[in-house]
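A.B. asks: Below, each chain spelled out in residue letters.
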Amino acid sequence: MIEIIDLKKSFNGQEVLRGVNLTINKGETTTIIGRSGGGKSVLLKHLIGVLRPDSGSIIVDGEDITKMSNKELVKVKRKFGMVFQFAALFDSMTVLDNIAFQMRELSAMKESEILAQAGEMLKRIGMEGMEDKYPDEISGGMAKRVGLARALVMRPEYMFFDEPTTGLDPIVENTIHQLMMTCTADTTCTDIVISHNIGEVMKISDKVAMLHEGEIIDSGTPDEIAESDNSVVRQFLTGSPDGPIQIY
Amino acid sequence: MPDKFKSNYGAGRVRFLAYIGSVSIGILREMGRMMLFFVQFLGTICQRPLRLRRIVMEMHFIGVKSLFVIILVGSFAGMVLALQGYYALRVFGSEALLGSAVSLGLVRELGPVLGALMVGARAGSAMTAEIGIMKISEQILALDVMTINPLKYLVTPKIIGAILVLPLLISIFDVVGIFSGYAVAVGLLGISHGSYMDAATSALVFQDVSGGLVKAVVFGFILSWVCCYKGYNCEHGAKGVSNATTEAVVMASVLIFVVDYFLTSFLL
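Chains A and B supply the protein sequences, listed in that same order.
Numbering follows the numbering used here, in which position 217 of the first sequence is assigned residue number 296; successive positions increment by one, without gaps.
Numbering follows the numbering used here, in which position 144 of the second sequence is assigned residue number 186; successive positions increment by one, without gaps.
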């Protein structure tokens, strides 16, 4: 379980997180929604231990990662996997090497075992025969699938997805959802998703939390969020230009 | 002066002082960040795994792939030094010292400086661009999330590789330069073989060679440190990478000249 308690962060005097409170239950898929520039990515970077907050705590399985040394943090971060918005594959490596990378670097496995596991993972994402392709030779959807395989290969306890289906066509989008659900179901993983895609949010989430102006203003099951009384949440879900959120 | 202009003049002075202040703070901040980057690099040197394979790969990239340009520049540097030296020495009737002038000039000064500048332009700019692109495309963040220290994985092998390979490249530069000077002196200017080679070898003492190699090590460190730092801290997309690459090459080149002066005054 991850508990975020009164998390605050400012950059150059500008408050980005103004006291975020959220509980992410084990084995569930929790989605964080909110406007672009609302602090979602900053929150995610705190959760994965890349940024340190100005104040507040992030408790991962009973340990406060904000108070840890870098060495202690490494142990907790080994529980994490992440799928990036633009996949962030290593562009000088082939698809197979991308998937095998962590196993080669962090495990004592033999090369034959690594290749077998990476091959198995490629099969699961439907990309057999593409082992030797480089990231710039595959489509965006394929890159996302490779990114997912790369993250899952170390069997993380917590998976972070940063806008996993942005810019993909509906068929690839559904394929990614299926992969997310089947892969994480196999590994009893906890998913933390950041998304703008309301259809996706309602479909894959056990819990939805809306981050607005640096605070979680509402959270609950997808049905509860759909019925929310909060006018900001309602405007965000409907995408209406009229309401408390003003673009101009 | 009318009061109106006096007050504008005062405000202008304040603005000018504020500008000087902000530029100075910016420079100090950048220097602090660079030193912090250096300290972080030092901290990763002995961390396991040592990544010897990556160090060898970097040595191949910085060294073997720079060989052609080093040989090319080294040979022309030697030739031009022989040509210029000959006409300068002829005035004093000391053409026989041409070998000394070429060998000392190359081993003490031109070899380390020109060699480092060439490696900086070729491999240093590539280091900045590679790390910069990895930064803006979140590949460095991905390494961090995977608990693989990006500094240890990307930067340390490059700096160690450059420190190890620069003395070898500079030695090749010096040898090629001396023999190219020989070709011009003997083949074109009519200096005898014995006179050139005797002057070239007898003038050189161990301190000249060791001094040149010390410079090569220091310049290898400077160019890789600056180029990796600039790439690691680059922002704002393709333009950011382009700016970082330019800044890295310019800053590394200027630092090489500045440090060269102080090293020379210390080594002489």
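Hints may contain errors.
What the hints assert, rightly or not - Quick partial rundown of chain B residues pointing at chain A, CB under 8 Å, derived from the structure: (1) Ser179; (2) Ala184; (3) Ile190; (4) His235; (5) Met239; (6) Glu289.
No lab work stands behind these hints, which were simulated from the structure alone.
Here the structure is a predicted model, which is why all the values come from computation and not from measurement.
All C-beta atoms, glycine included, are put in the ideal place defined by N, C-alpha and C.
A.B. asks: Going back to the hint list, which numbers does this structure go against?
C.D. replies: 4, 5 and 6
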